[in-house]
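Undergrad: Spelled out, the chains give:
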Amino acid sequence: MNLKPLGDRVILKVLEAEEKTQSGIFLPDNAKEKPQQGKVLAVGPGKHNDKGELIPVNVKVGDTVIFAKYAGTEVKYQGEEYLIVKESDLLAVVG
Amino acid sequence: MNLKPLGDRVILKVLEAEEKTQSGIFLPDNAKEKPQQGKVLAVGPGKHNDKGELIPVNVKVGDTVIFAKYAGTEVKYQGEEYLIVKESDLLAVVG
Amino acid sequence: MNLKPLGDRVILKVLEAEEKTQSGIFLPDNAKEKPQQGKVLAVGPGKHNDKGELIPVNVKVGDTVIFAKYAGTEVKYQGEEYLIVKESDLLAVVG
Amino acid sequence: MNLKPLGDRVILKVLEAEEKTQSGIFLPDNAKEKPQQGKVLAVGPGKHNDKGELIPVNVKVGDTVIFAKYAGTEVKYQGEEYLIVKESDLLAVVG
Amino acid sequence: MNLKPLGDRVILKVLEAEEKTQSGIFLPDNAKEKPQQGKVLAVGPGKHNDKGELIPVNVKVGDTVIFAKYAGTEVKYQGEEYLIVKESDLLAVVG
Amino acid sequence: MNLKPLGDRVILKVLEAEEKTQSGIFLPDNAKEKPQQGKVLAVGPGKHNDKGELIPVNVKVGDTVIFAKYAGTEVKYQGEEYLIVKESDLLAVVG
Amino acid sequence: MNLKPLGDRVILKVLEAEEKTQSGIFLPDNAKEKPQQGKVLAVGPGKHNDKGELIPVNVKVGDTVIFAKYAGTEVKYQGEEYLIVKESDLLAVVG
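Protein chains in written order, with our numbering: chain A, 1 to 95; chain S, 101 to 195; chain H, 201 to 295; chain W, 301 to 395; chain D, 401 to 495; chain P, 501 to 595; chain R, 601 to 695.
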């Protein structure tokens with residue numbers, strides 16, 4: 001990946017929400033829940049605190065994360081879509 | 101549970117509001133009060149203060165907590181629904 | 201009381217507003233003023249300041265307090281209603 | 301007065317706006333300007349700054365003060381109405 | 401003047417906007433621009449910074465100042481109207 | 501110029517937007533873009549930081565600057581119009 | 601380039617969004633996505649932190665960057681259009 005996030009941002013590839021309901025019925029696009037899981041593709045260097053120390057980001061490339069609804073900025077790069085979010089919008093790590 | 105909350109967040113399983121009124125009448129779904137109690141399933145490492153010290157979260161796995169209305173983010177993971185909330189949205193511990 | 205407030209919160213039992221006007225006429229429910237007095241039932245451990253010191257709450261169990269209109273969160277626990285408010289929403293102590 | 305304000309709050313008895321215009325005509329209630337003067341009845345202990353020092357309030361019982369429009373919370377106690385305002389909403393001392 | 405401003409506030413007597421246009425035509429009241437100049441009548445002691453030091457106000461009694469539109473609170477005292485503004489709403493000193 | 505800006509403010513004479521399009525057509529008033537360039541006429545002493553140090557303003561009298569749209573306060577003084585803006589609303593220096 | 605950005609701002613030349621869809625169809629203007637990539641033309645000196653230290657900007661002239669939607673201020677200078685954005689609105693560096 002040749003996009004390098006700045007500050008405490010990470011770049012995610014969003015994982016699509018499950019397309020089947022639990023009873024096995026396929027859902028049309030507008031009935032699917034907004035996906036909230038992503039794979040971490042790149043991690044920024046971190047953010048400086050008030051004392052001037054660099055605070056690194058607490059997730060790493062390869063992590064699967066759950067992020068806040070409507071967080072971040074969607075960007076399109078070389079035909080692919082990514083989501084760039086701040087660490088504070090990451091809620092949990094899966095696994 | 102294999103979801104690890106980040107920062108000062110906790111993962112809750114929301115406990116359903118009581119479904120009977122005090123006079124013993126069952127309530128239809130839309131008349132039930134929004135539930136505000138949850139069981140703590142996982143606790144994040146805490147948040148750093150301005151001095152760079154990690155402040156741990158003041159609740160532990162297994163606690164039953166009361167949380168602020170409309171707090172947190174609902175997430176669905178492997179068919180189950182959870183609520184991820186920040187420690188600051190927890191109001192009290194039961195018991 | 202087996203609800204333990206977190207941080208600088210207190211749990212109050214709200215005292216009903218006086219139901220008679222000064223001329224002695226009973227008021228219907230919707231003409232009563234919103235009550236703003238409560239009895240303190242439980243007090244949280246306090247809040248940490250920027251230096252990491254725990255600042256205790258300045259009221260104690262048994263105090264009657266006046267609180268800001270619309271402050272806090274109403275919770276129902278074992279059939280009883282309580283109000284959980286932050287210390288900053290307490291305006292004065294009575295007595 | 302047996303109401304003790306908390307933090308940097310003061311309790312005021314609001315002084316009614318002058319009821320006559322300069323030409324001596326009495327004004328009906330809804331034409332009177334909202335009063336902005338009050339007599340200080342009680343003063344809180346003050347507020348802690350970031351260094352943990354208690355900063356006392358700069359007015360004293362008996363002062364007549366001018367306060368910001370719509371500041372504070374009106375409370376009714378034992379049939380009397382008071383206004384509880386933060387020190388930051390006090391604009392000037394009279395006299 | 402026997403009104404003493406609190407904190408970093410100053411009391412101004414607002415100077416009326418010029419009532420003639422440059423071509424010498426008198427303007428009706430609603431065509432006049434809102435005045436933004438005032439004479440400083442009283443100056444508060446200043447405001448404490450985060451280190452607990454008192455920061456005095458940078459204007460003095462007698463200064464003519466330009467203030468931000470819609471800044472401050474109009475007060476009426478003994479039949480006269482004044483404007484009480486914070487130092488941060490003063491934009492420039494004239495002269 | 502006998503207006504002295506306070507704090508980290510500067511006084512600008514706004515430079516009119518170019519009145520011709522690139523193809524040489526004169527534009528009516530309401531088609532002109534809102535001007536965003538100004539000449540610095542006066543510079544305030546600066547602003548104090550949290551440590552009590554005075555931080556001087558980074559532009560000087562005579563500079564041509566680009567400022568944020570809708571920034572600052574328009575003032576009229578002795579028949580002339582000026583714009584008073586904070587340093588933080590200055591985007592770039594020309595030249 | 602003779603525009604010098606102030607503080608932690610950078611001046612960008614916005615790169616137009618790709619004008620063809622992946623299937624090779626040219627898009628009319630209003631169907632194109634709002635461009636979010638720019639070339640860095642000039643970089644400000646940086647911003648001072650609470651301790652008075654200058655924090656330099658983490659991108660350099662010549663970098664291609666991705667910026668937040670609707671960030672910054674468009675300015676027109678000598679017939680050319682530029683975007684001036686704060687460092688905090690830069691999301692990632694390309695390459």
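Certain hints may be false.
The calculated DSSO-like cross-link candidates involving lysine-lysine, where the alpha carbons are at most 27 Å apart (straight line), are [as the list claims (entries may be wrong)]: (1) R:Lys647 <-> P:Lys504; (2) A:Lys39 <-> A:Lys60; (3) W:Lys386 <-> D:Lys486.
Because the hints were derived from the structure by calculation, they are not lab data. The model shown is predicted, which means the values in this text are computed figures rather than measured ones.
Undergrad: Kindly indicate which numbered hints from before are broken by the structure, ordering the numbers from low to high.
TA: Of the numbered hints, all hold.
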